[in-house]
Amino acid sequence: MAAEGFFSVDSLAGVHALVVDHDQACRDLLSSILRYCGALVTTTASSKEALTVMSIAKCDVVVIDLALRGENGADLMRRIRRLKPEQGGVVRAIAVSGRSQDRDAAVGAGFDTHLTKPIEPWALCRLVSTLVLGGPSAD
Amino acid sequence: MGRTEFPTDTLKGIHVLLVDDDDDARALLQTVLRYCGALVTAVASAPEAMETMHRVKPDVLLSDIAMPQQDGYWLIREVRALPPERGGGMPAIAITAFGHPHDVGRTLAAGFQAHLRKPVDPWELARTIASLAGRRA
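Chain order of the listed sequences is W and B.
Counting from 1, position 88 in the first sequence corresponds to residue 88 in the working numbering; the numbering is continuous, with no gaps.
Residues are numbered in the working numbering as their position in the second sequence, beginning at 1, plus a constant of 139.
The set of hints was computed from the structure by calculation and includes no laboratory data.
From a predicted model like this one, the values you see are computed outputs, not experimental measurements.
Be careful, since some hints might not be right.
[Stated by the list, open to error] Just the calculated beta-carbon pair ranges, DEER-fashion:
| id | chain 1 | residue 1 | chain 2 | residue 2 | range |
| --- | --- | --- | --- | --- | --- |
| 1 | W | R78 | B | G238 | 37 to 47 Å |
| 2 | W | N72 | B | K196 | 47 to 57 Å |
| 3 | W | S32 | B | Q209 | 31 to 41 Å |
[To be verified] Derived pair list, reagent style DMTMM-like, types lysine to aspartate or glutamate, alpha-carbon separation capped at 25 Å:
| id | chain 1 | residue 1 | chain 2 | residue 2 |
| --- | --- | --- | --- | --- |
| 4 | B | K196 | B | D162 |
| 5 | W | K117 | W | E71 |
| 6 | W | K84 | W | D10 |
| 7 | W | K84 | B | D260 |
| 8 | W | K48 | B | D198 |
| 9 | W | K84 | B | D161 |
| 10 | W | K117 | W | D102 |
| 11 | W | K48 | B | E224 |
| 12 | W | K84 | B | E263 |
| 13 | W | K84 | B | E224 |
| 14 | W | K48 | B | D160 |
| 15 | W | K84 | B | D163 |
| 16 | W | K48 | W | D10 |
| 17 | W | K84 | W | E49 |
| 18 | W | K117 | W | E86 |
| 19 | W | K84 | W | D28 |
| 20 | W | K48 | W | E71 |
| 21 | B | K196 | B | D242 |
| 22 | W | K48 | B | D242 |
| 23 | B | K151 | W | D10 |
| 24 | W | K84 | B | D242 |
| 25 | B | K196 | B | D210 |
[Said to hold, decoys possible] Computed list of chain B residues with no C-beta within reach of chain W, every gap over 10 Å:
| id | residue |
| --- | --- |
| 26 | L221 |
| 27 | P222 |
| 28 | V243 |
| 29 | S270 |
Every residue gets a Cβ at the ideal spot worked out from N, C-alpha and C, and that includes glycine.
Using the sequences and the accompanying hints, generate a full structural model.
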């Protein structure tokens, strides 16, 4: 049980989250957490697919693993930040990686914040809520 | 940004006919519409959409404009030529790609009631469909 407690189901209803991770198991875990909390979730395995999704439907938040194959997560973030606002350039963004020391580089690349694996599910959902819906602080 | 009131119920009981030749767009828009509670029939071409309309009656048509051979303008002409009891008066929404020259005036004059551009805001899409289907959005 998480120290901060449970994050209620449906709290993320009306949030479109894009999860980008080359590892299918990780992609499935992150998407199942966000879906459990009510979000509309789209998943992709690569930067190219992520940009395709963003050209079709607006996302409220992107959750990107920094260790993508080929182009890494920070490169993808920089490309997203170069998009026009109406193309998704201002989307809220969370970086995920296995090392807490990646945080500064992630923020430097344009991410709003960084989460270290193993991810605490309710912390992820609270963070999305804070970033997108302006809910109470995740800290 | 983002949140609407009870978005997963917004399109409950509404049958949407989705027409887009792009596999990624069709899959993603279908996911959005199903998330919002719609019954979705998704097809990849305008002629397939017409075949579908001979079999089942959608509440709202959501169609891409730029499609090979028969495009969204062809489709709306065919739909509007149908008698009302066969769906000729069905509300219709046009979708166009970012930066494409299709202007709103042309799609509306062709018979669409609304025009959205990609990337589509999922919640604006749901609200537009609900509103055209006569629902409180």
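### Query
Between K196/B and D210/B, is the straight-line Cα distance small enough, at 25 Å or below?
With a Cα-Cα distance of about 21 Å, the restraint between K196/B and D210/B holds, given a limit of 25 Å.
### Query
Is the Cα-Cα distance between K84/W and D242/B 25 Å or less?
holds, 20 Å
### Query
Given the hinted pair K117/W and D102/W, is their alpha-carbon gap at most 25 Å?
Holds: K117/W and D102/W sit about 11 Å apart, inside 25 Å.
### Query
CB of N72/W to CB of K196/B, is that within 47 to 57 Å?
For N72/W and K196/B the Cβ distance comes to about 49 Å; the hint holds.
### Query
Is K48/W close enough to D198/B, meaning Cα to Cα at most 25 Å?
It is violated: about 34 Å lies between the C-alpha atoms, which goes past 25 Å.
### Query
Between K151/B and D10/W, is the straight-line Cα distance small enough, at 25 Å or below?
holds, 17 Å
### Query
How does the Cβ-Cβ distance of R78/W and G238/B compare with 37 to 47 Å: does it lie in that range?
Since the Cβ atoms of R78/W and G238/B sit about 21 Å apart, the hinted range of 37 to 47 Å is violated.
### Message
For a C-alpha distance cap of 25 Å, please report whether K84/W and D28/W respect it.
### Response
Since the Cα atoms of K84/W and D28/W sit roughly 29 Å apart, the hinted pair is violated (cutoff 25 Å).
#### Entry: Hint consistency between K117/W and E86/W [alpha-carbon to alpha-carbon, up to 25 Å]
Violated, because 32 Å separates the two Cα atoms, which is more than 25 Å.
### Query
Does the structure keep K84/W and D161/B at a Cα separation of 25 Å or less?
holds, 23 Å
### Query
Hey, K84/W versus E224/B, does the alpha-carbon distance stay inside 25 Å?
violated, 44 Å
### Query
Is the Cα-Cα distance between K196/B and D162/B 25 Å or less?
Status holds; Cα separation ~23 Å.
The earlier numbered hints that this structure contradicts are 1, 6, 8, 11, 13, 16, 18, 19, 21, 22.
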